[in-house]
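**Q** The chain contents come next:
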Amino acid sequence: MSGVYIGMPAFPQNAAKAVQNSQLRFNLRKATHTIRGRRAAVVGELADWAELRQAGKTIKDHTLRHLDRYLIELEEKVTAAGGVVHWARDAAEANRIVARLVKDTGETEVVKVKSMATMEIGLNEALAEEGIEAFETDLAELIVQLGDDFPSHILVPAIHRNRAEIRELFLKKMAGAPKDLTDEPRALAEAARLYLRKRFLEAKVAISGANFMIAETGTLVVLESEGNGRMCLTLPKTLISVVGIEKLLPAWQDLEVFLQLLPRSSTGERMNPYTSMWTGATEGQEFHLVLLDNGRTSVLADKVGRQALRCIRCSACLNVCPVYERAGGHSYGSVYPGPIGAILTPQLRGMDTELDRSLPYASSLCGACYEVCPVAIDIPSVLVDLRAKARHPRTEKAGMAAAGWVFSRSKRLAKAQRFGGRMRRLVPKRLPGPLSGWTDTRDMPEIPAESFRDWWVREGNR
Amino acid sequence: MRVALFITCVNDTLFPGTGKATVGLLRRLGVEVDFPLAQTCCGQMHLNTGYRDEAVKLAGRFAETFAGYDAVVAPSGSCAAMVREQYPHLDIENIPKVYDLSEFLVDVLKTTDVGAYFPHKVTYHPTCHSLRGLKVGDKPFTLLENVRGLELVPLPGAEECCGFGGTFAVKNRDVSAAMCADKIGNVMKTGAEVLCAADNSCLLHIGGTLKRQKSGVRVLHLAEILASTEEGAE
Ligand code: SF4
Chain A
1 MSGVYIGMPA FPQNAAKAVQ NSQLRFNLRK ATHTIRGRRA AVVGELADWA ELRQAGKTIK
61 DHTLRHLDRY LIELEEKVTA AGGVVHWARD AAEANRIVAR LVKDTGETEV VKVKSMATME
121 IGLNEALAEE GIEAFETDLA ELIVQLGDDF PSHILVPAIH RNRAEIRELF LKKMAGAPKD
181 LTDEPRALAE AARLYLRKRF LEAKVAISGA NFMIAETGTL VVLESEGNGR MCLTLPKTLI
241 SVVGIEKLLP AWQDLEVFLQ LLPRSSTGER MNPYTSMWTG ATEGQEFHLV LLDNGRTSVL
301 ADKVGRQALR CIRCSACLNV CPVYERAGGH SYGSVYPGPI GAILTPQLRG MDTELDRSLP
361 YASSLCGACY EVCPVAIDIP SVLVDLRAKA RHPRTEKAGM AAAGWVFSRS KRLAKAQRFG
421 GRMRRLVPKR LPGPLSGWTD TRDMPEIPAE SFRDWWVREG NR
Chain B
1001 MRVALFITCV NDTLFPGTGK ATVGLLRRLG VEVDFPLAQT CCGQMHLNTG YRDEAVKLAG
1061 RFAETFAGYD AVVAPSGSCA AMVREQYPHL DIENIPKVYD LSEFLVDVLK TTDVGAYFPH
1121 KVTYHPTCHS LRGLKVGDKP FTLLENVRGL ELVPLPGAEE CCGFGGTFAV KNRDVSAAMC
1181 ADKIGNVMKT GAEVLCAADN SCLLHIGGTL KRQKSGVRVL HLAEILASTE EGAE
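So the protein lines, in turn, are chains A and B.
According to my numbering, the first sequence is numbered sequentially starting from 1.
According to my numbering, the second sequence is numbered sequentially starting from 1001.
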């Protein structure tokens, strides 16, 4: 994944800072609770939501099971329709392919439709190194890009910014922004629109991702709200789409399920404003599809973890997550924040850094994510499975081994309880080391003089 | 019907009162309950912290200890959920039938009025694993509504996690504390004297914070409210 996060501290440290930022917490709370409410309302309208969700899960699992076959079918169909298919094993290869394709056109500027995959591989930075400038055309992505910033939400990448900040950013960084720009949302959007329109009309090359790819027909599908996607997908002469191999669906008919699941889960709309679909290249235009692995096949090999590949990036799990709401997206150190990020990033990147090892622990396992996920990814179970695979701190290992030893015989437990009961007056108010995490904000419980089991025996119950 | 009590390691060690209340309540309802002394811990802490092998051993031990009982009652939603939801993933055979207290009362004993008396203003936190794991729904609320003298006030944002999450409370102390602060803010809005839940682990976390803040709100396990009667009124 993109190198910009290298060297970042672990999640708890990042989150500790974010928690202190009351403006950020206010923004996050407001935004996530609003979308959460909207989602709940439109999902509640559908009597067959549970069946749709089950269908979504089944279709994705089936596709992943036969991914080899469907990918070949997709390649054939896209090629037959005049497109060119490229296979990229990792980020570096994908970036190389895209840079070469752009250079072949002789252009040095490209417009982009918001795409998680290109962010995952750090495409913009890679293109910049080759002297190619990429312009994000999604309003929030534009804000992130102008601010040399990272996205902090899948759907609302600039959720951490407020209006005043955006106004200042536009005035400073956006060529042609009106001097009297106010921080009214309408004025900000209008300024961005004028700025972007020029780009659309001039751009010869566009880069996109896709929400779905249909093997049966070779069709790509993009759902969006602002219409910038439609412009990018149709106006430029060359279109390059970078898509993760798991975005595949077998048949056209499968869209029936996913075009219901995605908008309702994502923006809380019955249907999103713009849905673009295209098959191969239109006359006079060029279309390239870069199929991206970048760790996905190794995720697929994992019995428990592979369900993360069902994800349709709706971000419903972010919007209900109490941890995301307080920690914010940047704490996760990845383009994929929130619960899905906590299970996807360590699988894609591995768990070699402290940050990546800390991600599976960035959850209280409350289960709210699993409940809303439109493709029923059991995120808590994957988190627990990843925790079992992570390297553990030495003191914790010793503590857990000791607890395991005590719990392996009831007599040992009883002895430990009696010892605790005798020592109860000596327990300090503040505990040392990692356990101070408990007593910093909470009182210790009083240790009873007698455990339940000793009471039971003393009462003659046995 | 042979019924066993799984007290859970946390209750056994720190909250014997909850165990005594559960036994008292069940006896009052005519259920003779066994306490197999070999029991220790369901393995949840080990599993959720990433120590699967230890958890599997404890889970196997649990299944042996409670083999032969028709029902196992646990005054803890998360431990009951551990057995029911997670044991199948740990390849445990002959998983005992475990019920959380409200499930056992409502689904097995078919009772929603346990004849309790508790003249206080109470609010209820449903706890994540009872709510989304076991899906106990409104069972605890129905039980509380039928308690004489009890005034049940709704808790805003009730379904949101309190931030306990086992070792999460220590590993991610800042986020955990922020979640707890919001939970407590909501508890204070209700004006309740007592915060009730069916899981002492969550109450240990919320209660510990309430106490540190000298809020005056008490926490009580559901079993202790349901066990209270007019004779034994505080
Ligand atoms: S994990 Fe599920 S809820 Fe989260 S973004 Fe993916 S599809 Fe949506």
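It is worth saying that the hints were derived from the structure and are not from the lab.
It is possible that some hints are incorrect.
To be verified - So these bits of chain A aren't anywhere near chain B, every CB distance computed over 10 Å:
1) I132
2) A175
3) L188
4) R270
5) E371
6) G404
7) R442
8) I447
What the hints assert, rightly or not - Simulated DEER-style distance windows between Cβ atoms:
9) B/D1070 to A/R89: 36 to 46 Å
10) B/R1028 to A/T34: 30 to 40 Å
11) B/K1189 to A/K429: 20 to 30 Å
Note that beta-carbon positions come from the ideal geometry of N, C-alpha and C, so glycine has one too.
**Q** All hints, please: hold or fail.
**A** Tested hints:
The beta carbon of A/I132 is kept farther than 10 Å from every beta carbon of chain B, the shortest such distance being approximately 40 Å. For A/A175, the non-interface assignment is confirmed: its Cβ lies about 40 Å from the closest Cβ of chain B, beyond the 10 Å cut-off. Taking the minimum C-beta to C-beta distance to chain B, about 30 Å, the non-interface status of A/L188 holds against the 10 Å cut. Chain B leaves A/R270 outside its interface by the beta-carbon criterion, the shortest separation being 25 Å against a cut-off of 10 Å.
With a closest Cβ-Cβ approach of about 6 Å to chain B, A/E371 is found to fall inside the 10 Å limit, against its non-interface label. With a closest Cβ-Cβ approach of about 4 Å to chain B, A/G404 is found to fall inside the 10 Å limit, against its non-interface label. Not every CB of chain B lies more than 10 Å from the CB of A/R442, the least distance being 3 Å, so the non-interface label is violated. Its closest Cβ contact with chain B, about 7 Å, brings A/I447 to no more than 10 Å, contrary to its assignment away from the interface.
For B/D1070 paired with A/R89, a C-beta distance near 56 Å fails the hint of 36 to 46 Å. Checking the proposed 30 to 40 Å range against B/R1028 and A/T34 shows it is violated: the Cβ atoms sit about 48 Å from each other. Range check, B/K1189 to A/K429: Cβ separation about 29 Å, and the 20 to 30 Å hint holds.
Hint compliance for this structure: hints 5, 6, 7, 8, 9 and 10 are broken, all remaining hints hold.
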